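Chain by chain, the residues run as shown.
Number of protein chains: 2
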Amino acid sequence: MQTLLNKGAILVISGPSGCGKSSLLKEVYKAVDNYYFSISTTTRAPRTGEKDGVDYFFVSKEEFEKDIHEGYFLEHAKVHGNYYGTSLKSIISSLNAGKLVIFDIDVQGHRIVKQQLHDVTTSVFITTPTLKELENRLLSRNTDDSSTIKKRIENAKKEIKQIDKYDYFIMNDNLQEASQLLVSIAKAAQAKTKLFNIEDIIKYWNKEV
Amino acid sequence: MQTLLNKGAILVISGPSGCGKSSLLKEVYKAVDNYYFSISTTTRAPRTGEKDGVDYFFVSKEEFEKDIHEGYFLEHAKVHGNYYGTSLKSIISSLNAGKLVIFDIDVQGHRIVKQQLHDVTTSVFITTPTLKELENRLLSRNTDDSSTIKKRIENAKKEIKQIDKYDYFIMNDNLQEASQLLVSIAKAAQAKTKLFNIEDIIKYWNKEV
Numbered sequence: 007m008q009t010l011l012n013k014g015a016i017l018v019i020s021g022p023s024g025c026g027k028s029s030l031l032k033e034v035y036k037a038v039d040n041y042y043f044s045i046s047t048t049t050r051a052p053r054t055g056e057k058d059g060v061d062y063f064f065v066s067k068e069e070f071e072k073d074i075h076e077g078y079f080l081e082h083a084k085v086h087g088n089y090y091g092t093s094l095k096s097i098i099s100s101l102n103a104g105k106l107v108i109f110d111i112d113v114q115g116h117r118i119v120k121q122q123l124h125d126v127t128t129s130v131f132i133t134t135p136t137l138k139e140l141e142n143r144l145l146s147r148n149t150d151d152s153s154t155i156k157k158r159i160e161n162a163k164k165e166i167k168q169i170d171k172y173d174y175f176i177m178n179d180n181l182q183e184a185s186q187l188l189v190s191i192a193k194a195a196q197a198k199t200k201l202f203n204i205e206d207i208i209k210y211w212n213k214e215v
Numbered sequence: 007m008q009t010l011l012n013k014g015a016i017l018v019i020s021g022p023s024g025c026g027k028s029s030l031l032k033e034v035y036k037a038v039d040n041y042y043f044s045i046s047t048t049t050r051a052p053r054t055g056e057k058d059g060v061d062y063f064f065v066s067k068e069e070f071e072k073d074i075h076e077g078y079f080l081e082h083a084k085v086h087g088n089y090y091g092t093s094l095k096s097i098i099s100s101l102n103a104g105k106l107v108i109f110d111i112d113v114q115g116h117r118i119v120k121q122q123l124h125d126v127t128t129s130v131f132i133t134t135p136t137l138k139e140l141e142n143r144l145l146s147r148n149t150d151d152s153s154t155i156k157k158r159i160e161n162a163k164k165e166i167k168q169i170d171k172y173d174y175f176i177m178n179d180n181l182q183e184a185s186q187l188l189v190s191i192a193k194a195a196q197a198k199t200k201l202f203n204i205e206d207i208i209k210y211w212n213k214e215v
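Respectively, the protein sequence lines represent chains A and B. Heads up, the first sequence is in my numbering, so the first residue is 7 and it goes up one at a time. Heads up, the second sequence is in my numbering, so the first residue is 7 and it goes up one at a time.
Next comes chain A alone, as it looks inside the complex:
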C-alpha cells in the first residue's frame, strides 16, 4: 500500500570515476522494483553501437531548442556545437509513475537537482577509501591515458570537498558493505514523508478512500 500513496523520489549519486559507482548501482537495480535511470539528451550523432534511449536520447537541434524554450531542461550546455542536457520530460513522468529516478551526475549537476527538486531528492557522495586507491583503480582499469587520469584525480580532489552538500556519504572500501548501504539509502529515499500527501494518508487510514 505504501507504494501506492507516495510520489516518486530522486536518488543522486556522485563520486570520482573509479570509485565504483556502476558496481554499486547494479545492486540498487536488483533491489528496487521501480526505477528509472536518468539519461542525457543530445543533438550530436550517435556513435557506433550507441542506442537511442539507452546511451542518450538523440534529438534534432530544433527539438532541443524548442524544449529549452519551453523550460523542459533541468540543465543544458553546448559543447563543440552540440547540445547536451537533462530533460525534465522523462523525469517528471517517472516521478508521477512513483518510480525512483536515479542520476549519476557531478557536483555541479547535483547542485541544480537539489535546487530545483529539493523535497524529493536524496543524494549520496561515494569515494574510494583513499586517493592512492583511486589512482590504482584508474591505472588498473586501463581505459584512460595518463593525462586523462591526472585530470580525473585533480577533479576528485576538488569534488571531495563538496561532500557536505550531500545527504549521505559512502566510503567504498568493501563492495558488499558499500552496496548494502547504497541499497538502504535508496529504499529509505522512497519513504521520505515529503513524498507523501498527508491528507491522502489520513483519508486512507480512516478508510474514507
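A couple of the hints might just be wrong.
Since the list can't tell identical chains apart, any single copy or any two copies may satisfy a pair.
Said to hold, decoys possible - For lysine to aspartate or glutamate, the following DMTMM-like pairs were computed, each having C-alpha atoms within a straight-line distance of at most 20 Å:
1. 198 / 179
2. 138 / 206
3. 138 / 179
4. 32 / 112
5. 27 / 183
6. 167 / 205
7. 120 / 173
8. 213 / 160
9. 164 / 139
Simulated from the structure, these hints should not be mistaken for laboratory data. This structure is a prediction, so every number in the text was calculated from the model and none was measured.
Knowing the structure of chain A, use the given hints to seat chain B on it.
For chain B alone, kept in the frame of chain A given last:
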C-alpha cells in the same frame, strides 16, 4: 573504515501503541551492530520484575534534581509526585562511542529531540495500515481495558496528523517489508554526511592520517 570516522546517530521511532514498533525494532537490533536503546530515568520505585538499566534508570529524587539543575535532562516531567525524564548522560556517551541511539517516544518527545539534536537525528513515524486495523490489534492483544483502548485510539488520531514533522513514514501492512524498510532507514541514518567531519574524511583520504 566508514564506521571509524563517523559520530553516532539518533533514530527516533514514533507511532500509536499497537502499530508494531517492538516487532520492527527487533529486526533493527539484529541488523545494527552498535546501538543503544534509550531508557527513561525515574524516581519512582521499581515494580516487581523491573530492572535498573533495563526498564528504567532508577535514581533518588536528590540525584534527579541535581541532574535537572546541571542541564542533564533532554526533557522531564513530574507525574503523581515522581520524576520521569530522558537523561542526556548515556545518550551523549553512546553518541561519542559511535553508536546508533534509538528512541521509542511520542510526538512531543520527538519534537524536543529534533530541536536539540537536529543534525544527528533521523525520525520515523509508523502506522497500522488503517484505523480499523489499529482497533483490531489493540483488542486482540488483550492487554488494555476498553477505556485505555479508546484513549489510545484518540491519541493515534491526533498523532497521525504530525507525520510531516518526521523524516520518514512507514505503513506497517506487511511485517517483513516494513521491518526491512526500518532497517534500511536505520542504516542510512548512520551514513548522513552531517555525522562526519569533512576535514577528517579528506585527511584520511589523502593518507595524511
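The hints, checked one at a time:
no.: 1; hint: 198 / 179; verdict: between (28 Å within a copy, 17 Å between copies)
no.: 2; hint: 138 / 206; verdict: between (51 Å within a copy, 16 Å between copies)
no.: 3; hint: 138 / 179; verdict: within (12 Å within a copy, 47 Å between copies)
no.: 4; hint: 32 / 112; verdict: within (19 Å within a copy, 38 Å between copies)
no.: 5; hint: 27 / 183; verdict: within (13 Å within a copy, 26 Å between copies)
no.: 6; hint: 167 / 205; verdict: between (40 Å within a copy, 8 Å between copies)
no.: 7; hint: 120 / 173; verdict: both (10 Å within a copy, 17 Å between copies)
no.: 8; hint: 213 / 160; verdict: between (57 Å within a copy, 16 Å between copies)
no.: 9; hint: 164 / 139; verdict: within (17 Å within a copy, 53 Å between copies)
This entry satisfies every hint, going by the numbered hints stated previously.
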